[in-house]
Each structure stands twice: as structure tokens, then as C-alpha cells.
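Here the protein sequences line up with chains A and B, keeping their order. Mapping the first sequence onto this note's numbering, position 71 (from 1) lands on 71, and the numbers just tick up by one. Mapping the second sequence onto this note's numbering, position 101 (from 1) lands on 101, and the numbers just tick up by one.
What the hints contain is simulated information worked out from the structure, not anything from laboratory work. Glycine residues also receive a C-beta, built at the ideal position from the N, C-alpha and C atoms. Where hints are given, some of them may not hold.
Claimed, not checked - If you anchor each label on the Cβ, the simulated ranges turn out as follows:
| # | chain 1 | residue 1 | chain 2 | residue 2 | range |
| --- | --- | --- | --- | --- | --- |
| 1 | B | Gly72 | A | Ala29 | 37 to 47 Å |
| 2 | B | Gln80 | A | Gln72 | 33 to 43 Å |
| 3 | B | Arg110 | A | Trp96 | 21 to 31 Å |
The lines below spell out each chain.
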Amino acid sequence: QQQVKQSPQSLIVQKGGISIINCAYENTAFDYFPWYQQFPGKGPALLIAIRPDVSEKKEGRFTISFNKSAKQFSLHIMDSQPGDSATYFCAASMLWMDSSYKLIFGSGTRLLVRP
Amino acid sequence: DTGVSQDPRHKITKRGQNVTFRCDPISEHNRLYWYRQTLGQGPEFLTYFQNEAQLEKSRLLSDRFSAERPKGSFSTLEIQRTEQGDSAMYLCASSLSVGGETQYFGPGTRLLVL
Numbered sequence: 001q002q003q004v005k006q007s008p009q010s011l012i013v014q015k016g017g018i019s020i021i022n023c024a025y026e027n028t029a030f031d032y033f034p035w036y037q038q039f040p041g042k043g044p045a046l047l048i049a050i051r052p053d054v055s056e057k058k059e060g061r062f063t064i065s066f067n068k069s070a071k072q073f074s075l076h077i078m079d080s081q082p083g084d085s086a087t088y089f090c091a092a093s094m095l096w097m098d099s100s101y102k103l104i105f106g107s108g109t110r111l112l113v114r115p
Numbered sequence: 001d002t003g004v005s006q007d008p009r010h011k012i013t014k015r016g017q018n019v020t021f022r023c024d025p026i027s028e029h030n031r032l033y034w035y036r037q038t039l040g041q042g043p044e045f046l047t048y049f050q051n052e053a054q055l056e057k058s059r060l061l062s063d064r065f066s067a068e069r070p071k072g073s074f075s076t077l078e079i080q081r082t083e084q085g086d087s088a089m090y091l092c093a094s095s096l097s098v099g100g101e102t103q104y105f106g107p108g109t110r111l112l113v114l
């Protein structure tokens with residue numbers, strides 16, 4: 001019940017196209033859903049995050065769509081660029097009993113944007 | 001504005017040796033997390049500190065692992081008697097007390113146990 005399932009495992013998109021990555025969760029107590037971008041040899045960097053009280057959040061070329069009833073959320077990268085080539089992780093969190101906000105991560109999507 | 005820093009960035013050790021990693025969180029961040037990331041997988045939670053108190057440890061953290069955060073500032077993660085299965089990227093993240101769900105990650109320490 002604590003898992004976050006992410007798909008696809010890898011994605012190839014042409015420059016200028018739209019990249020879409022999907023995640024699903026089971027625990028309805030989760031109330032914070034961030035997306036992280038990770039380049040090889042680097043730590044994850046926070047891209048954008050959403051709470052379940054909104055269905056969409058947009059920051060620049062990045063948009064999160066959230067479907068609370070389906071327990072799914074997705075990342076859309078508009079006008080994808082070669083510099084967006086990285087691994088993307090969705091995650092979920094809540095205020096746990098230990099007062100932490102530990103993140104439960106998906107397994108990652110390796111995105112390649114072709115020039 | 002400095003982010004989360006970790007040292008060393010890379011560590012190669014022989015099986016059975018002890019290793020220690022350091023994490024310096026963003027100043028004024030009183031929440032600190034350690035995660036472990038194996039190749040091709042997402043990070044997995046290891047342990048959590050609020051100030052100097054270690055409040056949560058994952059079952060992934062065997063008794064060979066110990067973490068400290070003296071005075072609520074930097075943190076260290078020690079692995080004793082390393083095993084080949086310990087080879088991974090060890091990530092540190094920090095966050096504020098308010099808005100604590102937003103975690104900022106360091107660059108990680110990549111450990112290779114031969």
C-alpha cells in the first residue's frame with residue numbers, strides 16, 4: 001500500500017514533442033506529490049509538486065495533472081528539449097507518525113529527447 | 001545560498017571495511033533524511049532526524065548502519081563491516097520544519113564495495 005508505481009520505464013521523444021510520465025498510488029493518506037529530475041551522478045532536484053486539492057499545476061514547460069479518484073498523477077513536459085534528457089522520479093508523502101515527510105519514490109523514467 | 005553538501009562524493013572500499021559519510025544540510029533546515037539509491041531504482045528512505053533526534057529508521061538500516069546528527073547540524077552515516085550489497089548511492093536531503101515536505105537533496109555519495 002506504500003508503493004508508488006511509475007511508467008513507462010523509458011521514453012524517447014523528439015525535440016519539441018510532449019513527454020508524459022504516469023504514476024499511481026494506493027495510500028489515500030498521501031497528500032504531497034513531487035516530481036524530481038536526476039542527471040547521471042547527481043542528486044535528485046525538485047521540479048514541481050502538487051497537493052490533492054488541485055487537479056493541475058503548471059510551472060513553465062512542466063505540468064502535473066492529478067486525478068484523486070483514480071489515485072493517479074502525471075508529469076507533462078511540453079516542448080521537450082535535449083537538455084531535459086534525464087531520469088524523472090515521482091514520489092508521494094504525508095506527515096507520518098514520526099513527524100517526518102519521508103518520500104516514497106517511483107522506480108523512475110529515463111527520458112531521452114532526440115534533437 | 002549553498003545547498004545540501006555531501007562528502008565524499010565517491011568511495012571505494014573493500015568488503016569488511018568501515019566507511020563514514022558526511023552530510024551538511026541547508027542552514028536552518030532542522031529536518032534531515034538519508035536515502036539509498038541502487039542502480040536503476042528510486043531512492044529508498046533509510047532514516048530521519050529532527051534536529052539532533054533520530055526519530056525513524058527503516059528496516060533497510062541493519063545494525064551495521066548507524067547515523068548521528070550531533071547538535072542538530074551536520075549528519076554522519078557509518079556502515080560497519082561493509083558488504084557488496086551495500087554498494088549504492090547514499091543521498092542526504094534536508095527540509096524546514098514548516099513546509100517540511102519540500103526536501104532538497106545533496107549530490108550523493110556513491111559507494112562501491114569490492
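Going down the list of hints, with the structure as the test:
1. B:Gly72 / A:Ala29: 37 to 47 Å: Since the Cβ atoms of glycine 72 of chain B and alanine 29 of chain A sit about 28 Å apart, the hinted range of 37 to 47 Å is violated.
2. B:Gln80 / A:Gln72: 33 to 43 Å: 42 Å, holds
3. B:Arg110 / A:Trp96: 21 to 31 Å: Since arginine 110 of chain B and tryptophan 96 of chain A have Cβ atoms about 28 Å apart, the given range 21 to 31 Å holds.
In this structure, the one hint that does not hold is number 1.
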